[in-house]
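Undergrad: The residues making up each chain are set out below.
There are 2 protein chains.
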Amino acid sequence: MNEFDYIEKYFNPLTNEFAGNLKNDAAIYNQRSSFDLIISTDTLVEGIHFFGNEDPSIIAKKSLRVNLSDMAAMGAKPVFYNLSLSLPKEKAKLFIPKFAKGLEEDQEIFDLKLIGGDLTSSLKHISITITIFGETSNNQSIPRDGAQNGDILYVSGILGLSKIGLENYNSDSKEFCEAKMKYLLPQPRVDLGISLLNIANSMIDVSDGLVQDGMHLAKNSNLSIELNLSKVPIPKINKIDRNIILDSALYGGDDYELLFSCDPSHEAFIKKLSSKMNIKLTKIGKFREFKNEFLKFKNNSSRPKRSFLHF
Amino acid sequence: MNEFDYIEKYFNPLTNEFAGNLKNDAAIYNQRSSFDLIISTDTLVEGIHFFGNEDPSIIAKKSLRVNLSDMAAMGAKPVFYNLSLSLPKEKAKLFIPKFAKGLEEDQEIFDLKLIGGDLTSSLKHISITITIFGETSNNQSIPRDGAQNGDILYVSGILGLSKIGLENYNSDSKEFCEAKMKYLLPQPRVDLGISLLNIANSMIDVSDGLVQDGMHLAKNSNLSIELNLSKVPIPKINKIDRNIILDSALYGGDDYELLFSCDPSHEAFIKKLSSKMNIKLTKIGKFREFKNEFLKFKNNSSRPKRSFLHF
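Read top to bottom, the protein sequences are chains A and B. Be aware that the first sequence starts at 79, since it is given in the numbering used here, and climbs by one per residue. Be aware that the second sequence starts at 79, since it is given in the numbering used here, and climbs by one per residue.
Excised from the complex, chain A in its bound form (with noise of 0.2 angstroms):
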């Protein structure tokens, strides 16, 4: 099979009509004047964001999760995606068609549709890059610069499973199921980044660590957060001290939670949504004027404030 007989047969049959059965050589959308359309594009590359031994469709639904948690922390509903795959020519048979089988499955739960892309060969590492688009109403978008000094610091879910089941990848205890699962299979919180709109006034997916997705909400609001270490929800690993665990919410990566902010007066509509949706929400600080520093620990730990950086 050559790349027009695999995008044929394996592609074409997740695309929509904007896609015109990928004969063009681009997608044609028509546009919607009462809706901003949210863009975004995350890459995940062989060997720095998936070890490669993976099940494809386990990396394929990862790609697309990711790029759904940006959709997510805009409050945007995603509606189609741009794909972009780089493998080995000798991969290729064994690797296109679960990929595009964990495609098809994702594509089922969240409710969207591929619209086109590119699928080449590469000499050593598999690379996969999606853009997806997403819709809200005219300027209703979630930024990342909108909390106001008083505001609220919440983050949905618990934080820290997912480098947690990285790092322990290769054990077969039972404990790091939970972690091992989160880590290859985040889950985007699309249906509660929409509940958030007019609530949150600023809102981040936690890819990089609550440290450092908390000091970009908190540099582009230009106030301080102080964050309240004993409140961050962490889970419950017999094995390991608390304390690593709490560097792991607080610098690992991958947990694709949503941490946001919004004004003390939502707080009884935040604790009906939380259990309305079956979602933990937790306070776990509080938006300050800007004095030095972005983020402050509130017990004055002495902990660092920098995660994981590409360069």
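Keep in mind that a hint or two might mislead.
Remember, identical chains collapse to one label, so a pair may be satisfied in a single copy or spanning two.
In silico lysine-lysine, PhoX-like type, Cα no more than 20 angstroms apart, as pairs [claimed, not checked]:
#1 K101 - K297
#2 K364 - K297
#3 K101 - K87
#4 K314 - K358
#5 K167 - K202
#6 K202 - K169
#7 K374 - K297
#8 K87 - K297
#9 K309 - K349
#10 K155 - K376
These aren't lab readings, by the way, just hints derived from the structure by calculation.
Knowing the structure of chain A, use the given hints to seat chain B on it.
TA: Here is chain B on its own, set in the frame of chain A:
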């Protein structure tokens, strides 16, 4: 410098208002319902699409230009693009500033801006994925499947240079200078594409060789192309046999000329357009009813019908 510093210093200055200074998880595009948004993605991988030792500004320009060529093929006006760049950590410091400079220069020439993207490390090779966005009035873009029986097949410019440039990349002979430049820095026919709106009824950019891309047009319109080999516009290069140059045109890639069909009644218009834009536009064949083959050579040449394939 870490990735946030690189983004702030080198990429943020390239953005427009939709990027929101790259502060959010995504770009926000205010849709305009009287226009279609035309969306395409092309990836360039080190060792496959470029050597890796070219000046990074050249790699940047080539990445953007192959995408611009897809807009040209649709008759769309390019408006913005999304960039994903992955490269080994140790290359970042030298590569990124020159790469961004190349983008800046071509943004000026082609009048478009950056709206976002992703910057990550990779283990070994550089990989660049651009998703480009163009606009046409509603339902005006030029498809690949609109050719009619009796239509003329035109091609712009000269074919085969890029392949010859690639094959003689290390030659110092002046005779290969133009070919090497065409390989390194293709000239996307953006203005020509737009001028062909309402004239060309099917169009494609020649990126995989005339034969393969011609076959796409014929197949999508369910017709057969009768290709007149003696008319195919090829360069004169004394060092290379005419037959080998013709092969480069037929099966080589990276020419990025426009191949299109139109009704014979437009012949006079095409002639005028060619002279006005100073771009060679050559009649190289006709569309006929489909019988057995999507592409025939007029003089019954037995040359093959396939070009470069990734898989």
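Undergrad: Determine for every hint whether it applies to the structure shown.
TA: Tested hints:
In this assembly of identical chains, the alpha carbons of K101 and K297 lie at most 20 angstroms apart only when taken from different copies (10 angstroms versus 45 angstroms within one copy). When the C-alpha separation of K364 and K297 is checked against a cutoff of 20 angstroms, the pair qualifies only within one copy, where the shortest distance is 14 angstroms, while the shortest distance between copies is 62 angstroms. In this assembly of identical chains, K101 and K87 lie within 20 angstroms of each other by CA distance solely inside one copy; the values are 13 angstroms within and 39 angstroms between copies. Only within a single protomer do K314 and K358 lie at most 20 angstroms apart by alpha-carbon distance; the minimum there is 15 angstroms, versus 71 angstroms between protomers.
Taking the shortest alpha-carbon separations for K167 and K202, both the intra-copy value of 9 angstroms and the inter-copy value of 17 angstroms come in at or below 20 angstroms. Taking the closest pair of Cα atoms, K202 and K169 come within 20 angstroms of each other both inside a single copy (10 angstroms) and across two copies (18 angstroms). Taking the shortest Cα distances, K374 and K297 sit within 20 angstroms of each other inside one copy (13 angstroms), while across copies they are farther apart (63 angstroms). For the identical chains of this complex, K87 and K297 are inter-copy neighbours only, at 17 angstroms across copies versus 47 angstroms inside a copy, given an alpha-carbon limit of 20 angstroms.
Taking identical chains as interchangeable, the C-alpha atoms of K309 and K349 lie at most 20 angstroms apart only when both belong to the same chain, with a minimum of 16 angstroms there against 74 angstroms between chains. Proximity of K155 to K376 under the C-alpha cut-off of 20 angstroms is found in neither arrangement, the shortest distances being 35 angstroms within a copy and 53 angstroms between copies.
In summary, the structure is inconsistent with hint 10 from the numbered list given earlier, while agreeing with all the others.
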